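K.L.:
Starting from the known structure of chain D, arrange chain G on it as the hints suggest.
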Amino acid sequence: MEVALNNNHKFLSKIATNDGHGENSPYFDGWKAYDANPYHPQNNPSGVIQMGLAENQLCFDLIEKWIKNHPEASICAPQRGFDFKEIALFQDYHGLPQFRSAIANFMSRVRGSRVKFDPNRIVMSGGATGAHETVAFCLANRGEAFLVPTPYYPGFDRDLKWRTGVELIPVVCESANKFKVTLESLEDAYNKAKQSNIKVKGLLITNPSNPLGTFFDKETLKTLAAFTNEKNIHLICDEIYAGTVTNGNDFVSIAEIIEEFPTICDRSLIHIVYSLSKDMGFPGFRVGIIYSYNDTVVNIARKMSSFGLVSTQTQHMVASMLSDNDFVDNFIYESRTRLAHRHDMFTRELAQVGIGSLESNAGLFFWMDLRRFLKEPTFEAEMTFWRSIINEIKLNVSPGSSFHCHEPGWFRVCFANMDDATVMVAIERIKSFVLETRMLEMKTKAMAKTKKQCWQNNLQLKLSSRRLEDIMSPHSPLNSPMLRAQN
Amino acid sequence: MLSKKVTDCNAHGQDSSYFLGWQAYEKNPYDDVHNPNGIIQMGLAENQLSFDILQTWLDNNPDATGFKKNGQSVFKELALFQDYHGLLSFKKALVNFMSEIRGNSVTFDPNNLVLTAGATSANETLIFCVANPGDAFLVPTPYYPGFDRDLKWRTGAEIVPIHCSSSNSFRITKSALEDAYQQAQKQDLKVKGILITNPSNPLGTSLNSHELDLLFNFISTKNMHLISDEVYSGTVFSSPSFISVMEVLKNKNLINSEVSKRVHIVCSLSKDLGLPGFRIGAIYSCNEEVVSAATKMSSFGLISSQTQYLLSEMLSDGKFTKSYLSENRRRLKHRHETLVKGLQKVGIRCLKGNAGLYCWVDMRHLLSSKTFQGEMELWKKIVYDVRLNISPGSSCHCSEPGWFRVCFANMSEQTLLFAMQRVKSFVESMSKKNSPPRHEHLRLSHARRTKSLPKWVFSLTSNQLEVGDLR
Numbered sequence: 001m002e003v004a005l006n007n008n009h010k011f012l013s014k015i016a017t018n019d020g021h022g023e024n025s026p027y028f029d030g031w032k033a034y035d036a037n038p039y040h041p042q043n044n045p046s047g048v049i050q051m052g053l054a055e056n057q058l059c060f061d062l063i064e065k066w067i068k069n070h071p072e073a074s075i076c077a078p079q080r081g082f083d084f085k086e087i088a089l090f091q092d093y094h095g096l097p098q099f100r101s102a103i104a105n106f107m108s109r110v111r112g113s114r115v116k117f118d119p120n121r122i123v124m125s126g127g128a129t130g131a132h133e134t135v136a137f138c139l140a141n142r143g144e145a146f147l148v149p150t151p152y153y154p155g156f157d158r159d160l161k162w163r164t165g166v167e168l169i170p171v172v173c174e175s176a177n178k179f180k181v182t183l184e185s186l187e188d189a190y191n192k193a194k195q196s197n198i199k200v201k202g203l204l205i206t207n208p209s210n211p212l213g214t215f216f217d218k219e220t221l222k223t224l225a226a227f228t229n230e231k232n233i234h235l236i237c238d239e240i241y242a243g244t245v246t247n248g249n250d251f252v253s254i255a256e257i258i259e260e261f262p263t264i265c266d267r268s269l270i271h272i273v274y275s276l277s278k279d280m281g282f283p284g285f286r287v288g289i290i291y292s293y294n295d296t297v298v299n300i301a302r303k304m305s306s307f308g309l310v311s312t313q314t315q316h317m318v319a320s321m322l323s324d325n326d327f328v329d330n331f332i333y334e335s336r337t338r339l340a341h342r343h344d345m346f347t348r349e350l351a352q353v354g355i356g357s358l359e360s361n362a363g364l365f366f367w368m369d370l371r372r373f374l375k376e377p378t379f380e381a382e383m384t385f386w387r388s389i390i391n392e393i394k395l396n397v398s399p400g401s402s403f404h405c406h407e408p409g410w411f412r413v414c415f416a417n418m419d420d421a422t423v424m425v426a427i428e429r430i431k432s433f434v435l436e437t438r439m440l441e442m443k444t445k446a447m448a449k450t451k452k453q454c455w456q457n458n459l460q461l462k463l464s465s466r467r468l469e470d471i472m473s474p475h476s477p478l479n480s481p482m483l484r485a486q487n
Numbered sequence: 001m002l003s004k005k006v007t008d009c010n011a012h013g014q015d016s017s018y019f020l021g022w023q024a025y026e027k028n029p030y031d032d033v034h035n036p037n038g039i040i041q042m043g044l045a046e047n048q049l050s051f052d053i054l055q056t057w058l059d060n061n062p063d064a065t066g067f068k069k070n071g072q073s074v075f076k077e078l079a080l081f082q083d084y085h086g087l088l089s090f091k092k093a094l095v096n097f098m099s100e101i102r103g104n105s106v107t108f109d110p111n112n113l114v115l116t117a118g119a120t121s122a123n124e125t126l127i128f129c130v131a132n133p134g135d136a137f138l139v140p141t142p143y144y145p146g147f148d149r150d151l152k153w154r155t156g157a158e159i160v161p162i163h164c165s166s167s168n169s170f171r172i173t174k175s176a177l178e179d180a181y182q183q184a185q186k187q188d189l190k191v192k193g194i195l196i197t198n199p200s201n202p203l204g205t206s207l208n209s210h211e212l213d214l215l216f217n218f219i220s221t222k223n224m225h226l227i228s229d230e231v232y233s234g235t236v237f238s239s240p241s242f243i244s245v246m247e248v249l250k251n252k253n254l255i256n257s258e259v260s261k262r263v264h265i266v267c268s269l270s271k272d273l274g275l276p277g278f279r280i281g282a283i284y285s286c287n288e289e290v291v292s293a294a295t296k297m298s299s300f301g302l303i304s305s306q307t308q309y310l311l312s313e314m315l316s317d318g319k320f321t322k323s324y325l326s327e328n329r330r331r332l333k334h335r336h337e338t339l340v341k342g343l344q345k346v347g348i349r350c351l352k353g354n355a356g357l358y359c360w361v362d363m364r365h366l367l368s369s370k371t372f373q374g375e376m377e378l379w380k381k382i383v384y385d386v387r388l389n390i391s392p393g394s395s396c397h398c399s400e401p402g403w404f405r406v407c408f409a410n411m412s413e414q415t416l417l418f419a420m421q422r423v424k425s426f427v428e429s430m431s432k433k434n435s436p437p438r439h440e441h442l443r444l445s446h447a448r449r450t451k452s453l454p455k456w457v458f459s460l461t462s463n464q465l466e467v468g469d470l471r
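Chains D and G supply the protein sequences, listed in that same order.
Under full-length UniProt numbering, the first residue of the first sequence carries the number 1, and numbering increases by one thereafter.
Under full-length UniProt numbering, the first residue of the second sequence carries the number 1, and numbering increases by one thereafter.
Just so you know, the hints here were simulated from the structure itself, not pulled from any lab data.
These numbers were taken from a predicted model, which means no experiment stands behind them.
All residues carry an ideal CB built from backbone N, CA and C; glycine is no exception.
Fair warning: there could be bad hints in the mix.
Quick list of in silico lysine to aspartate or glutamate cross-link-like pairs, EDC-like style, CA-CA up to 20 Å [said to hold, decoys possible]: (1) G:Lys4 with D:Asp92; (2) G:Lys68 with D:Glu144; (3) D:Lys85 with G:Asp32; (4) G:Lys69 with D:Asp61; (5) D:Lys161 with D:Asp19; (6) G:Lys76 with D:Asp420; (7) G:Lys4 with D:Glu144; (8) D:Lys68 with G:Asp59; (9) G:Lys4 with D:Glu167; (10) G:Lys69 with D:Glu72; (11) G:Lys76 with D:Asp61; (12) D:Lys68 with G:Glu289; (13) D:Lys116 with D:Glu260; (14) D:Lys222 with D:Glu167; (15) G:Lys69 with D:Glu64; (16) D:Lys32 with G:Asp83; (17) D:Lys65 with G:Glu77; (18) D:Lys68 with G:Asp63; (19) G:Lys27 with D:Asp92; (20) G:Lys296 with D:Asp295; (21) D:Lys14 with G:Glu289; (22) D:Lys14 with G:Asp135; (23) G:Lys380 with G:Glu26; (24) G:Lys76 with D:Glu72.
Coverage of chain D stretches by chain G, computed from C-beta distances (three or more under 8 Å per stretch; other residues unrestricted) [unchecked claim]: (25) 54 to 64; (26) 129 to 137.
Computed, partial: chain D to chain G, Cβ under 8 Å [said to hold, decoys possible]: (27) Ser74; (28) Ile264; (29) Gly281; (30) Val310; (31) Ser311.
For reference, chain D alone in the conformation it holds in the complex (with noise of 0.2 Å):
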């Protein structure tokens, strides 16, 4: 084994031996855990949920409906108005004008019509991975940083470090303050980069943001663009969940401040990575945007696209797609409903049982807050209660640590990759586990007493409904399932 170890790190490169590639972390495992016993509801009953994939799964009815109606779309259909042959020889990393336009489109009625986006700025990633490292490569050199407000979406370790060598530095956001960005904390950041000598060159934000499912207020969009104005570095927003906003009319895209405030930072220094695999659902089809306001990184990000364009298969089907405004409005109308419906199922039945999240209005998940069920406030216990949800209540959700958050007892949990009986089981599921797990307390609580008694013969223990309301209220330490785990 050893021989072969060493072997392979003559033969092969640093970044093909190294764990940039971030698999090893705990988000994974889940996934695994997964992978080897899905839930199923007739075949396999008792098997995990998978609830640590953001997917979005609410819509396709719309989308296939669209389909069926539009053969049009499919580069084979006898009524085409186009050649298969030039769309199939089509390798211009511009990408097809009638797919950059309707993307422009799209990416407006999304932010409500209130700001538009040039087709000639659309440049295409293979997914949003692709474009997070193309910006990467694009913005800074090997060893050189950029600031990323925790907790952040695990894939970033790789797609923005990796390959291109670049350090990510964490920006701390707390749950004190919800977990906002505080220009305090981002001089911080900076300041401590400064300090190791480590050259930043940009900040990069999720917005609305993974794995919070809150969006940033406008307020706090111009302290952002004023900050990396006056640093003079740049500003990359990852917008991919901006069609997930239960009210749109609530969502501001960088893109809306940089055209309502001008003069609040260069625009060259503003980049927008987009997607269409979260707001329509389309992992599978990798269409990736960078949208740029530098014409250098634009020019040069194209000629990058080289290494991961959108097959023209797609771009021609997306392109007939997202024209149609009729479509594309009411998509976006009857998703946001969804999620919004979803969301609130999940959250307020929790809450019943005392579980509590984020208050959050975006994304395809929520920061459920599980710090009162830790053993002690620690990673560790973390992890642990991590893989008795996975082991036991037979649920995929994803820790808080493997989004880098600096508050252990936090996760993510998704509620759009699924039906609606699954999610009721998964409900079951967590209530059942939370309500046992009372039950349990109370009855080790009983018998502790009792034995107690015993010893202390002197003493007059009664127990009271006052106490017993006590043992069953959620904010009792002793509900923590490690105390069942123990017995």
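P.N.:
For chain G alone, coordinates are given in the frame of chain D:
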């Protein structure tokens, strides 16, 4: 403000005179009806000869493009499928196709295949897997200009050329290999491997067994990798037959050996099937670690599941693949002959080729001076006076001036014959007099007057050329 990858590229920029040919074509593209005096594009290695066969298959199999399987919609499944292991049915179909192209003399394991967005991505990914920044790969010249971008740009790797010469039909020799290796040592570069294109672009020839033996011996003794870019494997239209590195491994009984862990193949459907827009590439390797790392890296450029599905249906149709491959070869052979004969009639010879979508044409005798400057002058005449956009050998890093790559499969037969007529007129006019070129005044930001190999050829960075189209 921006990275070196961006700013260095600007330093070399698009001021290269090479771009002028492309720009000239775009401004004045030939059309047999609307613009018969326009420039004919012969610099694009595309296979446009067999679309009718593809079209017929698509017409008879509408489910493949209609997101249906056995009449049922598979749209949702495909839309959600982002597993970087790829659609198994597609990988199985692809390895069968690869095997069929190689006369079924070798088989491939779908588990050793990594899908990538085109061969462009495959080549870059492989280099990321086997070379550190500053390491080098030896590449025989002349080679596809896109390698300067694909192998070097973001990886930080270097290319050291293995000079091949017309004196022996540009075959790779032991001394050329050794020389290249020494050159790398002199430059303090660690050589991680050799990258060959087989069949060759731009030569249009497949490597013979002697060359392959040389390469295998070299990589064995020097403990390095061999990457074989076999994207033109399906375009071999005449003998000698194509020998894949996979076959060499088999014939030398090296399957599962240590050497086999350092041999990797790059494939694509852009040339064989003529589908460059669909971005279908793959890496094949018997090295588990390479497959594992490359698979993870493929996240940066996966193939659209919609396209994987279409091709899995198409390539699983054995009847189709068999008839397509043979008919496509036949048509390529015919086109190749048309070009060769047309040029022969006016005293222009081509390197004897058996593959590819182009010929490697010898125009040394038409040079005013046997220098790269002479080559550029001739090239400009051909672009502006003869109105054919062909690729000068210097853009392919050829060490001898006067060779040009001329594509024949990206136009109708009529257009090709018309191009031949233009060449005929040009050659006849040249032999009559030595009139000065009548082409327009060109804006050049660098005047290259050197007689030796131009330095810029070897300092090309990625975006020097709009190379995506050149391939």
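K.L.:
Run every hint past the structure and note whether it holds.
P.N.:
Results of checking the hints against the structure:
Distance hint between Lys4 (chain G) and Asp92 (chain D) is unfulfilled; the C-alpha atoms sit about 25 Å from each other, more than 20 Å. Our distance criterion of 20 Å between C-alpha atoms is broken by Lys68 (chain G) and Glu144 (chain D), whose separation comes to about 47 Å. Among the hinted pairs, Lys85 (chain D) with Asp32 (chain G) is consistent with the structure: their alpha-carbon atoms are about 18 Å apart, no more than 20 Å. The hinted pair formed by Lys69 (chain G) and Asp61 (chain D) meets the criterion: a straight-line CA distance of about 17 Å does not exceed 20 Å.
Using a Cα cut-off of 20 Å, the hinted pair Lys161 (chain D) and Asp19 (chain D) holds, with the two alpha carbons roughly 11 Å apart. A threshold of 20 Å between alpha carbons decides the hint, and for Lys76 (chain G) with Asp420 (chain D) the separation of about 17 Å falls inside it, so the pair holds. For the given pair, Lys4 (chain G) sits about 12 Å from Glu144 (chain D) by alpha-carbon distance, which is consistent with the 20 Å threshold. The straight-line distance between the Cα atoms of Lys68 (chain D) and Asp59 (chain G) is roughly 17 Å, inside the 20 Å bound, and the hint therefore holds.
Between the alpha carbons of Lys4 (chain G) and Glu167 (chain D) the distance comes to roughly 16 Å, so the proposed pair stays at or under 20 Å and holds. At roughly 19 Å between alpha-carbon atoms, Lys69 (chain G) and Glu72 (chain D) fall within 20 Å of each other, so this suggested pair holds. Taking the CA atoms of Lys76 (chain G) and Asp61 (chain D), the gap is near 9 Å; set against the 20 Å cutoff, the hint holds. Proposed proximity of Lys68 (chain D) and Glu289 (chain G) is contradicted: the alpha carbons are some 43 Å apart, above 20 Å.
Proximity of Lys116 (chain D) to Glu260 (chain D) is assessed by CA-CA distance (about 12 Å); at most 20 Å being required, the pair is judged to hold. Using a Cα cut-off of 20 Å, the hinted pair Lys222 (chain D) and Glu167 (chain D) is violated, with the two alpha carbons roughly 25 Å apart. The hinted pair formed by Lys69 (chain G) and Glu64 (chain D) meets the criterion: a straight-line CA distance of about 14 Å does not exceed 20 Å. Between Lys32 (chain D) and Asp83 (chain G) the CA atoms are separated by roughly 13 Å; this keeps the pair inside 20 Å, and the hint holds.
Under the criterion of a C-alpha separation no larger than 20 Å, the hint pairing Lys65 (chain D) with Glu77 (chain G) is consistent with the structure, at around 15 Å. With a C-alpha separation of about 12 Å, the suggested pair Lys68 (chain D) and Asp63 (chain G) falls inside the 20 Å cut-off, and the hint holds. Of the pairs offered as hints, the one joining Lys27 (chain G) and Asp92 (chain D) holds, with about 16 Å between alpha carbons and a cut-off of 20 Å not exceeded. For the hint pairing Lys296 (chain G) with Asp295 (chain D), the CA-to-CA distance comes to about 31 Å; that exceeds 20 Å, so the pair is violated.
Of the supplied pair hints, the one linking Lys14 (chain D) and Glu289 (chain G) holds, its CA atoms being roughly 12 Å apart against a limit of 20 Å. With a CA separation close to 12 Å, the supplied pair Lys14 (chain D) and Asp135 (chain G) stays within the 20 Å bound. This hinted pair checks out: Lys380 (chain G) and Glu26 (chain G) have alpha carbons roughly 15 Å apart, not beyond 20 Å. Under the criterion of a C-alpha separation no larger than 20 Å, the hint pairing Lys76 (chain G) with Glu72 (chain D) is consistent with the structure, at around 19 Å.
Note: the stretch 54 to 64 of chain D has 5 residues with beta-carbon separation from chain G under 8 Å; the three-residue rule is met and the coverage holds. Counting residues of the stretch 129 to 137 of chain D whose C-beta lies closer than 8 Å to any C-beta of chain G gives 4; at least three are required, and the coverage claim holds. The closest approach between the C-beta of Ser74 (chain D) and any C-beta of chain G is roughly 4 Å, which is under the 8 Å cut-off, so the hint is satisfied. Here the hint on Ile264 (chain D) is broken, as its CB sits about 18 Å from the closest CB of chain G, past 8 Å.
Nearest Cβ of chain G to the Cβ of Gly281 (chain D): about 6 Å, under the 8 Å cut. The hint holds. A cut of 8 Å between beta carbons decides the hint on Val310 (chain D): the least distance to chain G is about 7 Å, and the hint holds. Taking 8 Å as the C-beta contact cut-off toward chain G, the hint placing Ser311 (chain D) at the interface holds, the least distance being around 4 Å.
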